[in-house]
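If you read the protein sequences in the order shown, they are chains A and B. First residue of the first sequence? That's 1 in the working numbering, and the numbers climb one at a time after it. First residue of the second sequence? That's 1001 in the working numbering, and the numbers climb one at a time after it.
Quick caveat, the hints were computed from the structure, so don't treat them as lab data. Ideal placement from N, C-alpha and C gives every residue a C-beta, glycine not left out. It cannot be assumed that every hint is accurate.
With the C-beta cut set under 7 Å, the calculated list includes, among others, these residues of chain B facing chain A [claimed, not checked]:
no., residue
1, GLY1038
2, ASN1072
3, PHE1075
4, ALA1099
5, TYR1134
Okay, here's what each chain looks like letter by letter:
There are 2 protein chains.
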Amino acid sequence: MASETSGRRRAPVLTPQADDFPRWYQDVLNKAELADNGPVRGTMVIRPYAYALWERMVDEVDARIKDAGAENAYFPLFIPESYLQREAEHVEGFSPELAVVTVGGGKELEEPVVVRPTSETVIGEFMAKWIQSYRDLPLLLNQWANVVRWELRPRTFLRTSEFLWQEGHTAHATEGDARAYARRILDEVYRDFMVEVLAIPVLCGVKIPQERFAGAINTLTCEAMMADGKALQMGTSHELGQNFATAFDIDYLDETGAQQLCWTTSWGVSTRMMGGLIMAHGDDDGLRVPPRLAAVQVVVLVVRDDDEGSVTAAARRLVQELGDVGVRARLDDRVSTPFGRRATDWELKGVPVRVELGPRDVADGQVVVVRRDRPGKESIRVDALAGQVPVLLDSLQRSLHDEALARRDERTVDAATIEEAAGAAADGFARIPWDAVGDAGIERLAAEAVTVRCLITADGGVPDSVDDPDLIAVVARSY
Amino acid sequence: MASETSGRRRAPVLTPQADDFPRWYQDVLNKAELADNGPVRGTMVIRPYAYALWERMVDEVDARIKDAGAENAYFPLFIPESYLQREAEHVEGFSPELAVVTVGGGKELEEPVVVRPTSETVIGEFMAKWIQSYRDLPLLLNQWANVVRWELRPRTFLRTSEFLWQEGHTAHATEGDARAYARRILDEVYRDFMVEVLAIPVLCGVKIPQERFAGAINTLTCEAMMADGKALQMGTSHELGQNFATAFDIDYLDETGAQQLCWTTSWGVSTRMMGGLIMAHGDDDGLRVPPRLAAVQVVVLVVRDDDEGSVTAAARRLVQELGDVGVRARLDDRVSTPFGRRATDWELKGVPVRVELGPRDVADGQVVVVRRDRPGKESIRVDALAGQVPVLLDSLQRSLHDEALARRDERTVDAATIEEAAGAAADGFARIPWDAVGDAGIERLAAEAVTVRCLITADGGVPDSVDDPDLIAVVARSY
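Chain A on its own, in the form it takes in the complex (with noise of 0.2 Å):
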């Protein structure tokens, strides 16, 4: 096996991100045609290349969903007005985002419908419909949605107007049976899904009372580092105890025939992943997508063809090999396009493997193959090809994680006080104890635009309670 050591250097077609990360961002969105942004301000259009990535996420998550026990199903996108002041806490944290319709078939409404910000009030009125006994109970359901939260400083996939998202929502018996499928979704499917597909790090605890979500008792959170240090709330899970269930009389007969009012809980990851996804991996030559979520694993690439078209035939053989043994190959037979170009553009888009064949390779018997994870290029047998492949994504799914974490670790800080917990959360994640905080000095945090991620617990875990002795707070910058 020859290994070539030619760069891959040529002009940047990227922003450097030392020179300017949210540049740098955008460029990426724009050099890799993931997403433009909408005609009406804050809202954005996914183009194929991302929205295939986001059909990934959907599957994996929706496995996961399904495999906790909960079902699909859908919920109307107009909420009538009256139903999110039954919750007080609830309108009060959303009225300022809310988009309003005023008008329908021509004709000013009686009553004007909120556009669904989340669906946690008009589940309430079905789950109250729909469980009368016990043996209704834990009611798990989840929807894939859109929702609109109208958004002063939009910036694609992390704050937009228009998302798309999954909400689950459930309904269980006791408190106890709430917080265990609350703790469940986050473990078993966000943290799950984050680290083994996305190969993001993630940190899971809970939120402290004022980041919590409107009308719950309880927010646990997935938090990860992105490549400038800051943090990015990749998915949340609520425990909304018996709020819901009083303002929409969400109660059920229990084995001795009493009325007993149900717990509920909601979670949800978003699109917001998608920008997790590009600042987590991504370098100054564009994006790096995991194996296990790359809807292109692969891409062959015909350099230039003979006459007979050998290549692109002896190309496609490959592509259909590699399918054979799972791997999602694609072919890119497009000549007439300059190679560099393409490969470029196979870069941006951050394809983790990519296959390089001429009409030399094809008389050897050979082919180039470049990591999307390390520079340098090496030449492997042809027919040994699709024997490696499964083997190569794997360890380039661990490199991206361990890359990942390998950040993490190294920007992250033990803080004793305050002011050296605000001075190290400009570059990455401090840990202070939680004693040592206390509301001065979550003010003092925030005047340095630092706020406290989530409690975690001496050991790394998810504490039961934010009043759980010696937990720490992990604080950073965060989008």
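Position chain B relative to chain A; hints supplied.
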């Protein structure tokens, strides 16, 4: 193989179809737990059992769309009002049905935004941006989304203010390409899915000018006959000519460097197909789901168990064995609920095959098998079940299709005059030479609530245009 003909007559849980078909439909929606009305007029809640069927529809249609070369993307829910006004017929057609957002983030919006009723306009804007040269064509896009059309006479799944659908949007270099692609979608995606998976025979033809999509130069349609003899439009594919290309400047440089306008198409199927499924195959006992669509193809019912739980154990093994041969099987071990109620419930839900198992059956090494498409029960050796079920499902798939086809044939009349056609359409479809209709004929039919569903060629094919000679008009009442 013994055959018992112990009937399954019980007190009817549904209004019989013959008594009141619309009420039967409403009963099925409620009793089979398919859907509820949403709180905002005309909206619906799709419950888990129905949503699982919709997910199967999405998977099957999506795979065919991808085979036809289109890629999925996502465009915003909100469209500036001004966009719709750029295409005169389009805005005229959709204005009466629009939902308009006038308040966002607590403020009156400067320009109101429309909740998409369909996305030709916003997608047109981006096609114009993305298409530069003939090399970018054809551009084949699709999106799965919710759309809103304010509905004055809503009917769950058939006409709702919000519904789920896919909308394909493509741009081509020539009129011929656009036409061929619109027909390909109709044939290879819609007709194939409806006939092969939904087991619903559909007539494919062209709409008369009055029934075209607002902004189209030609609309192709799939029309099916429901159990009451009425027609349901199941899906449409439109040639949009250069109307939207003109309105949104969708143009390209051809091989000679000359600027040319594109030709576009759009096409869609929606949750309306759920209504078609119910009304094409349902009977007085409930829904009947064709096996290729069914999320649950076989339910294995534990009639009652012994103290050791050996019946449940045997049933669980059967579910596993069926799963191993690729059958989607589900266990019903809720022995605390009366068996009769569970059997009726699965019948209501239309699960193709029911396998019943009690202590006696386990002792005898047999199970009782009930097909949803015909009365009676059969005993089968337990070790033969996994081998026989796939054959049985195939036979059931065919039988549902053939039954629907036989009904359509029976209830389709060849009419020579408008009067004859108007009379026949009271009970089914009438075929009449298009030449014999004319404007007066259309008006006469309208008086009986009968419309031209589509025009077909003499041999049942899809005409190239409404001006072809010797066309047949298929007329009917419709949903």
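Tested hints:
1. GLY1038: Hint on B:GLY1038: holds, closest Cβ of chain A at ~4 Å, below 7 Å.
2. ASN1072: holds, 5 Å
3. PHE1075: holds, 5 Å
4. ALA1099: With a minimum Cβ separation of about 5 Å from chain A (threshold 7 Å), the hint on B:ALA1099 holds.
5. TYR1134: With a minimum Cβ separation of about 12 Å from chain A (threshold 7 Å), the hint on B:TYR1134 is violated.
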